[in-house]
Amino acid sequence: MARIRPTQVADDGFWDEERPSRRKKAARYAAPVAVAGIAAATIGLVPALASTGDPNLPKISAQELISKMAASDAQQLSGSVKITTDLGIPSLPGGGSLADLGGAQGGDASAAPESKLMELISGSHTLRVATDGPDKQRVSIVENAAEYSMIHNGDEVWAYDSGSNSAYHATAPKDAKAKGDHRQDVPKDLRDATPQKIAKTVLSSVDDTTDVTVDGTSRVAGRDAYDLLIKPKQNSDSTVGSVRIAVDADNGVPLKFTLSPKSGGKAIIDVGFTTVDFGKPKAGTFNFTPPKGAKVTEEPKADRKDAPKGFGTKDFKDAQGALSGLKVIGDGWDSVARLDTPGGAAAPTAPGGDSGPGAASGLLGGFGKEVKGKFGSGTVVSTRLVNALLTDDGKVFVGAVDKDALVKAANAAK
Amino acid sequence: MSRVDEPRVAGTGARAERAANPPRPSPLWALALFRSELTTTLRRWRTLALLGVLALIPILIGVAVKIETSDGGSFGGGRGGDGQGPAFFAQITNNGIFLVFASLAATLPVFLPMVIAVIAGDTIAGEAGSGTLRYLLVAPAGRTRLLLAKFTTTMAFCLIATLVVAFSGLVTGALLFPLGDVTLISGITVSFDEALLRALGVAALVALSLVGIATVGLFISTLTSSGIAAMATTVGLVITAQILDTIPQLHAIHPYLFPHYWLSFADLLREPVYWDELVKNLGLQGLYVAVFGSAAWARFTAKDITA
Chain E
1 MARIRPTQVA DDGFWDEERP SRRKKAARYA APVAVAGIAA ATIGLVPALA
51 STGDPNLPKI SAQELISKMA ASDAQQLSGS VKITTDLGIP SLPGGGSLAD
101 LGGAQGGDAS AAPESKLMEL ISGSHTLRVA TDGPDKQRVS IVENAAEYSM
151 IHNGDEVWAY DSGSNSAYHA TAPKDAKAKG DHRQDVPKDL RDATPQKIAK
201 TVLSSVDDTT DVTVDGTSRV AGRDAYDLLI KPKQNSDSTV GSVRIAVDAD
251 NGVPLKFTLS PKSGGKAIID VGFTTVDFGK PKAGTFNFTP PKGAKVTEEP
301 KADRKDAPKG FGTKDFKDAQ GALSGLKVIG DGWDSVARLD TPGGAAAPTA
351 PGGDSGPGAA SGLLGGFGKE VKGKFGSGTV VSTRLVNALL TDDGKVFVGA
401 VDKDALVKAA NAAK
Chain D
1001 MSRVDEPRVA GTGARAERAA NPPRPSPLWA LALFRSELTT TLRRWRTLAL
1051 LGVLALIPIL IGVAVKIETS DGGSFGGGRG GDGQGPAFFA QITNNGIFLV
1101 FASLAATLPV FLPMVIAVIA GDTIAGEAGS GTLRYLLVAP AGRTRLLLAK
1151 FTTTMAFCLI ATLVVAFSGL VTGALLFPLG DVTLISGITV SFDEALLRAL
1201 GVAALVALSL VGIATVGLFI STLTSSGIAA MATTVGLVIT AQILDTIPQL
1251 HAIHPYLFPH YWLSFADLLR EPVYWDELVK NLGLQGLYVA VFGSAAWARF
1301 TAKDITA
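Chain order of the listed sequences is E and D.
What the first sequence shows, in this note's numbering, is residues 1 to 414, in sequence order.
What the second sequence shows, in this note's numbering, is residues 1001 to 1307, in sequence order.
Heads up, none of these hints are tricks.
Listed below are the simulated DSSO-like cross-link pairs for lysine-lysine, each with C-alpha atoms no more than 27 Å apart in a straight line:
{"hint": "1", "chain 1": "E", "residue 1": "K282", "chain 2": "E", "residue 2": "K82"}
{"hint": "2", "chain 1": "E", "residue 1": "K68", "chain 2": "E", "residue 2": "K82"}
{"hint": "3", "chain 1": "E", "residue 1": "K200", "chain 2": "E", "residue 2": "K82"}
{"hint": "4", "chain 1": "E", "residue 1": "K295", "chain 2": "D", "residue 2": "K1066"}
{"hint": "5", "chain 1": "E", "residue 1": "K68", "chain 2": "E", "residue 2": "K280"}
{"hint": "6", "chain 1": "D", "residue 1": "K1303", "chain 2": "E", "residue 2": "K25"}
{"hint": "7", "chain 1": "D", "residue 1": "K1303", "chain 2": "E", "residue 2": "K24"}
{"hint": "8", "chain 1": "E", "residue 1": "K262", "chain 2": "E", "residue 2": "K200"}
{"hint": "9", "chain 1": "E", "residue 1": "K262", "chain 2": "E", "residue 2": "K369"}
{"hint": "10", "chain 1": "D", "residue 1": "K1280", "chain 2": "E", "residue 2": "K282"}
{"hint": "11", "chain 1": "D", "residue 1": "K1280", "chain 2": "E", "residue 2": "K82"}
{"hint": "12", "chain 1": "E", "residue 1": "K292", "chain 2": "D", "residue 2": "K1066"}
{"hint": "13", "chain 1": "E", "residue 1": "K59", "chain 2": "E", "residue 2": "K233"}
{"hint": "14", "chain 1": "E", "residue 1": "K374", "chain 2": "E", "residue 2": "K395"}
{"hint": "15", "chain 1": "D", "residue 1": "K1280", "chain 2": "E", "residue 2": "K266"}
{"hint": "16", "chain 1": "E", "residue 1": "K403", "chain 2": "E", "residue 2": "K266"}
{"hint": "17", "chain 1": "E", "residue 1": "K395", "chain 2": "E", "residue 2": "K372"}
Listing some non-contacts, in silico: residues in chain E with all C-beta distances to chain D over 10 Å:
{"hint": "18", "residue": "K327"}
{"hint": "19", "residue": "D402"}
{"hint": "20", "residue": "V407"}
Hints in this document: simulated from the structure, not taken from any laboratory.
Even for Gly, the Cβ is constructed at its ideal location relative to N, Cα and C.
Pulled out of the complex, with its shape left as it was, chain E reads as follows (with noise of 0.2 Å):
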């Protein structure tokens, strides 16, 4: 036994080299406790600290808010996005929800971005991208040890699948100079899914049925910004209740984008920058060669206009416009879509789900409540914004109002 030295040395209280009291015994119990508590009030009161300090501005008008949004131009920026969505869309066994109805484009392992976008619309995601002039752009979503990046860089446009080493390479034509020509390349989506474009959205559907007005400060991803506040008016039908954007009060950039239901809970989509930074991103953050080895699909030039649209990121109007050859009842917030399909209902919530539309509406059906009106029966099947009117006799009628005023569309249209 090597380890038994002689004594030398005696021990002082805390080495303990004399029997402990019973007292002392249970009082040493106290640290691993107090370790506890002071961890435990850390975790609950370094967020609330954190968030009472909301800026000091000086007061500025709505108008002059937006025109300093429209007025923005942040060129070069990079930083983390997270994007919540609730839209209370019943999740499937297996974690799968109706989104991947929509979704599914066979199981092949191509990093088609079309497949990535659905993801979105459900739960959490924190998207990291980055901007340098109208031809660069990067977004990645961040997964579980894996990355799907798409990168736009003059007329290349990349995707890159980390997880199967996959990529997905499209070019943009030689003749298209005009940056609008551009952006129809880039898979809209997904760049579509940063607060700046979203918000640029709403603002232009903000007409005489809606109150702006300014409400407060807020600080997001460290910057201090103006909280734009766009609510339908007193009267209106719809299942939104409001929608806050937080604009950066030094540059006009919409920081953090939210949609609240009128039925209060959690926002149904919550977009925002928790980290920001309107410096030139690094070099070599555009650059894109496929690794060796990785599977490349080029883009089918022919299907180009079939590709699905992307819904996760899409705001309310968009998905009462997405669905093509639709009549549109009513206006501003209370404007109801309808559809007469000739067999089984498409998936409503889903558009672009031209994948197995039977397999949804039944299964829509067995989420569906039974309704009875004027124009007959039918089935209500509603999310946290978005409810759509089933009728027996093959109409749809979807928007973002609530279950009576799509029972009165029905009843009108009748």
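Assemble chain D onto chain E, guided by the hints.
Chain D alone, transformed into the frame defined by chain E:
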């Protein structure tokens, strides 16, 4: 070693004083204890066998991937599906360094914590079980000091075990697959040197991810005098925590489960590095060390040693 020598020099100057007030044990004393603990641990056949198994896993993965892709196909390519194998598997054939990441991702959920649990569970309970603990305490090191030496040994073992996996993965990867510039999971290409540096960082992070369970194992080890019971309980805890971590209804407690952020080491392979979860992981492991370390101290210094 200059820091260690310092107290001794100071001590000679104040010899008279020392006679009156017995001095504190020098830091060297703790270091000697730690060194003796570490060599005792590493010399055990059991430990060597465990490390051998850990070294074997990357070799098995490498050979399996090599055989599967020997016909020129890519991993998982023939299977349809979405090609999402275990993390990093798809890239191994193109760059051997990914075998390091794949091996660490494969061993982190089960093998590494199991090995750590065996070592940590044995620290105090094993000595108590074989009747050597009282002899250790006869030495004037004091219980706190002994516990610290045991704790440091366990932490060192976390690092050793992780490095064994990483090194075995690197060697196997270099032998079986090509090396070269590495495409990070963000799609950005970096030089092999930088990738190697990141691999080292990943190994360090994995080792740090294990300190939580190691400290819990040490605490459990102070509760019993049966080494087997302590090991089994610790392994059981690892499994339980991971099962709880997969149940979505329990999401409220997930951020406090020690395995919750384990896979975050992959965030080091993003460009720019995504720090959020890395920091959370380190904070969580630190919390476990603080709580269970102090609990182990409270228990061990107040315990009646009967064997």
